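*Asks:* The chain contents come next:
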Amino acid sequence: MSGQDESEYGRNSEMIPENEILREIGSMGAGHAATALSELIQQKISITFPEIFVAYPEEVPKKLGLHDMPTVVIYKKLQGSYDCDILLVFGREEADKIVSAMIRNTFNMEELDEEMKKSAIEEVGNIVIGSFLSAISNFTDMELLPTPPIHTTDVFDAILDVFLAKLSLQNRKAMVFQTCFKKNDEKIYGAVIIFLNEKLRAELISRGKSWLEG
Amino acid sequence: MNEENEKKVRIGMAEMIVARNPTIISTTVGSCIALCMYDSINRIGGMVHIVLPKKEDFDKGNINSAQKYADTAVPALLSALISKGAKKEYIKAKIAGGANMFPIFNHPILKIGVNNANVVKKKLAELGIPLVAEDTGGNRGRIIEFEAGSGTMKINTMDGKERKI
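As they're listed, the protein sequences go chains A and B.
According to this note's numbering, the first sequence is numbered sequentially starting from 465.
According to this note's numbering, the second sequence is numbered sequentially starting from 18.
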């Protein structure tokens, strides 16, 4: 091909490795999260990584496209100087199925009260987000400590807007990891959404780069 | 800002639209505010989806920035309505949103909903636009449908409750 094509590639090539490094690290975290979720509900869960994108906060709801879908969102924040928000999102019905499977397998119970469901969903958050982060910590040798989980159930865009408002306050773009959880042939919708800050992003790229290069 | 004449149109964060009867404008808000203004005599109304209270504190040139902040979005919607034929003396306002979606979690950002509502009200008062109804606060998201011509606002929450203001 022509020299012009090479220069086009050259212009873009600075961007490609950084995204690829983040995708690589994110996929590793998601893989561990899938394993943890599989063990929790004793069914095989696989996770794909269909999308990583950077967008203005106000563009995020359209990119995720969930809008008025009833969801359960489990929220954790990275403590310390990495201060960034992590959301684990499930469709409301999928969250119920995960909690039921987990409690049946753990406590051998069919009947659940609301308090147990609440604890169980937050435990799902601990385990899935915890696995995600510990895989990344091990790989990058960074200390990534999350806050305890809190969760809420509501239409997705309403839950999302406070996080997007926060990014706007800090004049930050959103970097979103969207992950699909799949169980057997049945598609469970789930997403891990991490709003990276610049410090964490730069650190991940720098550590990822030195690992990948050698 | 767009003008649409379809039956139904949805807006997202920091978006604004002005439409004539019989358009229905919808959006979904948590801590954000849906500000609706309308002139029911001339059958024209508009909605803006406000994210944060004050432009001068934070703005560094994000997209749709005038519509994103309460203090600039209120005059922006008023001007848009007047430029499309509404008469200022007939214009009324309604607002919904400003919830705290994680009430057990104590973080200053979660007060953003209340601050948003307060700045919208203050700005409406400054501009002399009567706030005739509101459904703000609480800890539930709101799915909103606004009839541009009549000014009726239909608010749904996930617990299945529907209100009209």
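Think of the hints as simulated: they come from the structure by calculation, not from any bench.
Everything numeric in this text was worked out from a predicted model, so none of it was measured.
By construction, the Cβ of each residue, glycine as well, lies at the ideal position given by its N, Cα and C atoms.
There may be inaccurate statements among the hints.
[To be verified] Output of the computed footprint for chain A on chain B, the stretches with three or more beta carbons under 8 Å from beta carbons of chain A:
no.: 1; region: 40–51
no.: 2; region: 154–167
[Unchecked claim] Partial pick of chain A residues on the chain B-facing surface, computed with a CB cut under 10 Å:
no.: 3; residue: Arg487
no.: 4; residue: Ser510
no.: 5; residue: Val524
no.: 6; residue: Phe620
[To be verified] From the derived model, a few chain B residues whose C-beta atoms are all more than 10 Å from chain A:
no.: 7; residue: Arg27
no.: 8; residue: Gly29
no.: 9; residue: Lys85
no.: 10; residue: Lys105
no.: 11; residue: Ala116
no.: 12; residue: Ile121
no.: 13; residue: Glu179
no.: 14; residue: Lys181
*Asks:* All hints are to be evaluated individually against the structure, with a verdict given for each.
*Replies:* Do the hints match the structure? See the list:
1. Beta-carbon proximity to chain A at under 8 Å applies to 5 residues in the region 40–51 of chain B; the threshold of 3 is reached and the given coverage holds.
2. For the region 154–167 of chain B, the stated coverage by chain A holds: 5 residues have a C-beta nearer than 8 Å to a C-beta of that chain, and at least 3 were required.
3. Interface restraint check: arginine 487/A against chain B, minimum CB-CB distance 25 Å, threshold 10 Å, status violated.
4. For serine 510/A, the shortest C-beta to C-beta distance to chain B is roughly 29 Å, which exceeds 10 Å, and the interface hint is violated.
5. Among the interface hints, the one on valine 524/A holds; its C-beta lies about 8 Å from the nearest C-beta in chain B, closer than the 10 Å criterion.
6. Hint status for phenylalanine 620/A: holds, given a least beta-carbon distance of 8 Å to chain B, under 10 Å.
7. Its beta-carbon lying about 8 Å from the closest one in chain A, arginine 27/B breaks the requirement of being farther than 10 Å from that chain.
8. The non-interface label for glycine 29/B is inconsistent with chain A: the shortest C-beta to C-beta separation is roughly 6 Å, within 10 Å.
9. Not every CB of chain A lies more than 10 Å from the CB of lysine 85/B, the least distance being 7 Å, so the non-interface label is violated.
10. Every beta carbon of chain A lies more than 10 Å from that of lysine 105/B, the smallest distance being close to 29 Å; the non-interface claim holds.
11. Not every CB of chain A lies more than 10 Å from the CB of alanine 116/B, the least distance being 7 Å, so the non-interface label is violated.
12. Residue placement check: isoleucine 121/B does not keep its beta carbon more than 10 Å from all beta carbons of chain A (closest about 6 Å).
13. Even its closest Cβ contact with chain A, about 14 Å, leaves glutamate 179/B beyond 10 Å, as expected for a residue assigned away from the interface.
14. Distance to chain A confirms lysine 181/B as a non-interface residue, since its nearest Cβ pair spans about 18 Å, more than 10 Å.
Checked against the numbered hints above, the structure breaks hints 3, 4, 7, 8, 9, 11, 12 and satisfies the rest.
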